[in-house]
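The hints should help you fit chain B onto chain A, whose structure is shown.
Protein chains: 2
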Amino acid sequence: MKIALDAMGGDFAPAKPVLGAIEALKEISDLEIILVGKKELIEEELKKNSYTSDRIEIKDTCDIIEMDEDPVQGVRSKPKASMNVMLDLVKSGEADASVSGGNTGALITASQLKLRRIKGVLRPAIATVFPAKNKQIVFMDVGANADCKPEFINQFSLMGSVYAKELLDIENPKVGLLNIGTEEGKGNEITRESFELLKKHNYINFYGNIESRDMMNGEVDVVVTDGFTGNMVLKASEGVAKFIFDFLKEEIGQSFRGKIGALLLKPIFKKMKKRMDSSEYGGAIFLGLNGISIKAHGNSDENGFKNAIKVANKFAKDNFIEQVKVAIDKCKEEKNEF
Amino acid sequence: MKIALDAMGGDFAPAKPVLGAIEALKEISDLEIILVGKKELIEEELKKNSYTSDRIEIKDTCDIIEMDEDPVQGVRSKPKASMNVMLDLVKSGEADASVSGGNTGALITASQLKLRRIKGVLRPAIATVFPAKNKQIVFMDVGANADCKPEFINQFSLMGSVYAKELLDIENPKVGLLNIGTEEGKGNEITRESFELLKKHNYINFYGNIESRDMMNGEVDVVVTDGFTGNMVLKASEGVAKFIFDFLKEEIGQSFRGKIGALLLKPIFKKMKKRMDSSEYGGAIFLGLNGISIKAHGNSDENGFKNAIKVANKFAKDNFIEQVKVAIDKCKEEKNEF
Numbered sequence: 001m002k003i004a005l006d007a008m009g010g011d012f013a014p015a016k017p018v019l020g021a022i023e024a025l026k027e028i029s030d031l032e033i034i035l036v037g038k039k040e041l042i043e044e045e046l047k048k049n050s051y052t053s054d055r056i057e058i059k060d061t062c063d064i065i066e067m068d069e070d071p072v073q074g075v076r077s078k079p080k081a082s083m084n085v086m087l088d089l090v091k092s093g094e095a096d097a098s099v100s101g102g103n104t105g106a107l108i109t110a111s112q113l114k115l116r117r118i119k120g121v122l123r124p125a126i127a128t129v130f131p132a133k134n135k136q137i138v139f140m141d142v143g144a145n146a147d148c149k150p151e152f153i154n155q156f157s158l159m160g161s162v163y164a165k166e167l168l169d170i171e172n173p174k175v176g177l178l179n180i181g182t183e184e185g186k187g188n189e190i191t192r193e194s195f196e197l198l199k200k201h202n203y204i205n206f207y208g209n210i211e212s213r214d215m216m217n218g219e220v221d222v223v224v225t226d227g228f229t230g231n232m233v234l235k236a237s238e239g240v241a242k243f244i245f246d247f248l249k250e251e252i253g254q255s256f257r258g259k260i261g262a263l264l265l266k267p268i269f270k271k272m273k274k275r276m277d278s279s280e281y282g283g284a285i286f287l288g289l290n291g292i293s294i295k296a297h298g299n300s301d302e303n304g305f306k307n308a309i310k311v312a313n314k315f316a317k318d319n320f321i322e323q324v325k326v327a328i329d330k331c332k333e334e335k336n337e338f
Numbered sequence: 001m002k003i004a005l006d007a008m009g010g011d012f013a014p015a016k017p018v019l020g021a022i023e024a025l026k027e028i029s030d031l032e033i034i035l036v037g038k039k040e041l042i043e044e045e046l047k048k049n050s051y052t053s054d055r056i057e058i059k060d061t062c063d064i065i066e067m068d069e070d071p072v073q074g075v076r077s078k079p080k081a082s083m084n085v086m087l088d089l090v091k092s093g094e095a096d097a098s099v100s101g102g103n104t105g106a107l108i109t110a111s112q113l114k115l116r117r118i119k120g121v122l123r124p125a126i127a128t129v130f131p132a133k134n135k136q137i138v139f140m141d142v143g144a145n146a147d148c149k150p151e152f153i154n155q156f157s158l159m160g161s162v163y164a165k166e167l168l169d170i171e172n173p174k175v176g177l178l179n180i181g182t183e184e185g186k187g188n189e190i191t192r193e194s195f196e197l198l199k200k201h202n203y204i205n206f207y208g209n210i211e212s213r214d215m216m217n218g219e220v221d222v223v224v225t226d227g228f229t230g231n232m233v234l235k236a237s238e239g240v241a242k243f244i245f246d247f248l249k250e251e252i253g254q255s256f257r258g259k260i261g262a263l264l265l266k267p268i269f270k271k272m273k274k275r276m277d278s279s280e281y282g283g284a285i286f287l288g289l290n291g292i293s294i295k296a297h298g299n300s301d302e303n304g305f306k307n308a309i310k311v312a313n314k315f316a317k318d319n320f321i322e323q324v325k326v327a328i329d330k331c332k333e334e335k336n337e338f
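Chains as they are written, first to last, in our numbering: chain A, 1 to 338; chain B, 1 to 338.
These are computed hints drawn from the structure, not numbers from a lab.
Since the list gives no way to pick out one identical chain from another, each pair is judged satisfied if it fits inside one copy or across any two copies.
Taking lysine to aspartate or glutamate and the EDC-like style, the derived pairs with C-alpha atoms no more than 16 angstroms apart in a straight line are:
1. 149 with 189
2. 186 with 147
3. 325 with 166
4. 266 with 251
5. 266 with 250
6. 332 with 151
7. 273 with 246
Chain A with its partners taken away, still in its complex shape (with noise of 0.2 angstroms):
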């Protein structure tokens, strides 16, 4: 598979993008990497690793957008930008997927605008996975329809659970809608509406309600909600996380009981922010699109880059869109669900 890459996107691009590359072709022998952005800046960072293959390919463009630039205007004014030029790639079919560590905001417009919805998709949607006890779920929505209909949801259950059985090879997920309470009646109106929905939907799992605290319990393997909630829930996820590393970081720093405390527990203390990273599964996918976008997290490091790398590697050569494709067809064709 050929993966194009936006090698200008992210907090410590060009040097991490290029990196993970390298790491990503070392581990797979068949893939190939189109490294997208300035040229001489690329170069130079494979000059830095000593690293040759005929297996990457640079491809030149002058434009980046920025990390805090306004997404819809970036997108529109700079089509020669490196994300831009990197989905045009799959567009055309001269790369079978891309990762990208840029603009969260610029990449899902320049996603929708290059790559189109896929026939029957009422809405593309961003999915991410989230930790749970002893195994990893799928959550979406993280972001891309703040205001959503339960039609919506409803879709996002079985983009989901292609997703679910694809990236965690589960056979047939559980999915549970995101609610303050677990009672079938609870919730705002649009849970309350997408409820009823997921209960006559064929062609999920459908587990039930889930509260945001019992996510991590590992009950379900996907979770949905809508955009704005399933952002909310997210970065107040990774929010708490931090709060509580910091806070842990300072007291132990206080004192040398807390500096050799910390020197003991320093492995279990990696594991645990390894465990809270969803890099390490590739980050971000837009579930609903004509191509496989994939969205590293931006201060990915090379290790972020490479297992997004090898996701996009695995969904092309799985032929996941099709799967989706199918699946929506499926649901549209015998129970006109969409």
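Frame of chain A; chain B shown alone:
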């Protein structure tokens, strides 16, 4: 002040509520407490702790609303439930404020039914304290109103400000609107409309949007949102903290090195847990009602109940309900805000 305490509410009732009452009475010399619940059980607890005082009174009542009971049905079918009787005491003026660690939904229902909303209040809401860097902040609505109009959120900002001033001693609290991005125009429909109202609000100190990830950085003093989102974020935060602590505990138990490290870090872990625990600040309050109804966490220990009683006592002493009324009236008369 005289506080009515639901002696039967909470996971460890009546033991922990009674113990919390004893602790509070020891700390505050002019405090009086009415313990509401099954007399013989309460007397047994007092005896166990060899405690007698003329500042403690028992209001004998037979029924209990169970933790997992349907809230509305429980409140309506059991007029002699400890929670209902407790609120009757506030309503009649026999008690100056109340504290319960019982069924949250039932306490919302009963509080609204018995205490009624303050004139001009659109919707009563639940406010809680949330940990932030070097401080605590007020967070609301965390669950009373799953569906909110922008006007409700606008009014929460006023009630939350009065609450922050009283509870946390902040003169001109900065109010943030919980959102998925910081720029104006971000968010779902209701949040965008709320922003417009908050921007024009003359009686609050509006900070702008704040992301759930940044709530804990200490930039603002009050965070407002609808009850669905608030509940989601609150419970997700609890879930993540629990996940992290459970993970650490399990990992630590698996090696000698881990056990030694944890022993050394024990005081820090303890401090951390305390920091994350809202019961340190008396739990949650229902704002907008004609009376003080405080919700202690269901799993509160004596310390949690003691703190909730102390908050109830302070609020009663400072005539908090009158403060809310004045704020609502001022806003209403001068600006026709609500």
